[in-house]
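Trainee: All residue numbers for the sequence shown refer to UniProt numbering, where the first residue is 1 and numbers rise by one.
Because the hints were derived from the structure by calculation, they are not lab data.
Bear in mind the structure is a predicted one, so any value in this text is a computation, not a measurement.
Take these hints with a grain of salt, some might be off.
To be verified - Pairs of lysine-lysine, DSS-like flavour, derived with a Cα cap of 30 Å:
(1) 126 / 84
(2) 77 / 126
(3) 126 / 107
(4) 107 / 84
Said to hold, decoys possible - Here are the simulated distance ranges between beta carbons:
(5) 148 / 168: 25 to 33 Å
(6) 288 / 185: 21 to 29 Å
(7) 170 / 310: 15 to 23 Å
(8) 61 / 284: 45 to 53 Å
(9) 287 / 163: 43 to 51 Å
(10) 27 / 95: 25 to 33 Å
(11) 135 / 180: 38 to 46 Å
(12) 212 / 148: 21 to 29 Å
(13) 96 / 69: 17 to 25 Å
The beta carbon of each residue, even a glycine, is placed where N, CA and C say it ideally should be.
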Amino acid sequence: MGQAETVKAGTGLPLYWRVCLINGVVFLLGTVALALSPATVSARVLVSEAIVLVFGLAIIVTLNSLLLRNSLAPLDKLIRMMEKVDLQHPGQRIPEHDNGAVGHLVKSFNEMLTRLETERRMSNAKALAAQEAERHRIAQELHDEIGQSFTAVLLGLKQVADRASADVLPEVQLVQEQTRAGLEEVRQVARRLRPGVLEDLGLHNALVALSNDFAPAGLRIRRTFTPGLPELDSDAELVVYRIAQEALTNVARHAQANSVELSLTRKGNDVVLSVKDNGRGLRGQPEGAGIGGMRERALIVGGDLELTSGPTGGTEVRLTLPTEGSR
């Protein structure tokens, strides 16, 4: 049996015994070569004999290192992957080429990543579903309880204003306006918590209403919607709406921008949401909880979220969603 066949025969052995086998084969070959060669060693080693010994040792070490490298190189790839793997960017895998112990380790690692990504996606989906249910409950309570309370106060203030004297009337009217403003704020919060327009009128109208809500913040929003987009399921539509909502909120709070481009377009069989502002840009700042939440939502529906910032400022949040035609 040749050297390569001997090593190949041991690929099913544990890693420790594979290393021992490789070393044993190399040393055996070196011993056989020395035994069959005419070279001899004197009591006092001559220079020529020392050169032969050094040359033979170099061949043995080189051959041994090459064989070990071929067997253990996947371990280096595995270590590098373990150091940089990020479950928010799924699909990272190590190529599987070996059927031995190292190959089995690589295969097990890839299978573990698949399980982790699946479990993470399922747990995030459950968490976000619970979050949406809680948003719905809070919005309902705001509308039914707080909203009705404000409405009752307004009706009472109207009766007071009808009977108030001229010197008290301005103060009553001021309280009326403050109460009416408070009621409108409650309604806006309820709409942001539960996008009823998304269920009633569809994604395009929901995005239009959402952008209109940010007009009082001084943002000039230009909308671009491509007609005839591939149909998205309810979960995907909700993800698009929530990511657009979070992106616009970040622009209004942090970007120091006055212009935003909101678009929902088609790229091949994918649907692409883009929110691009002319603000100060990311400036190397770490991602906060809001961006992390957007990434989690994108992963749930198999989407990809990218954040880019231009050299002179401005930030683009870009969500790419696959549809049935692209899967």
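Trainee: Against each hint, give a clear statement of whether it holds in the structure.
Mentor: We went through each hint and held it up to the structure:
no.	hint	verdict
1	126 / 84	holds (27 Å)
2	77 / 126	violated (34 Å)
3	126 / 107	holds (29 Å)
4	107 / 84	holds (18 Å)
5	148 / 168: 25 to 33 Å	holds (26 Å)
6	288 / 185: 21 to 29 Å	holds (25 Å)
7	170 / 310: 15 to 23 Å	violated (51 Å)
8	61 / 284: 45 to 53 Å	holds (47 Å)
9	287 / 163: 43 to 51 Å	violated (57 Å)
10	27 / 95: 25 to 33 Å	holds (32 Å)
11	135 / 180: 38 to 46 Å	violated (25 Å)
12	212 / 148: 21 to 29 Å	holds (25 Å)
13	96 / 69: 17 to 25 Å	holds (18 Å)
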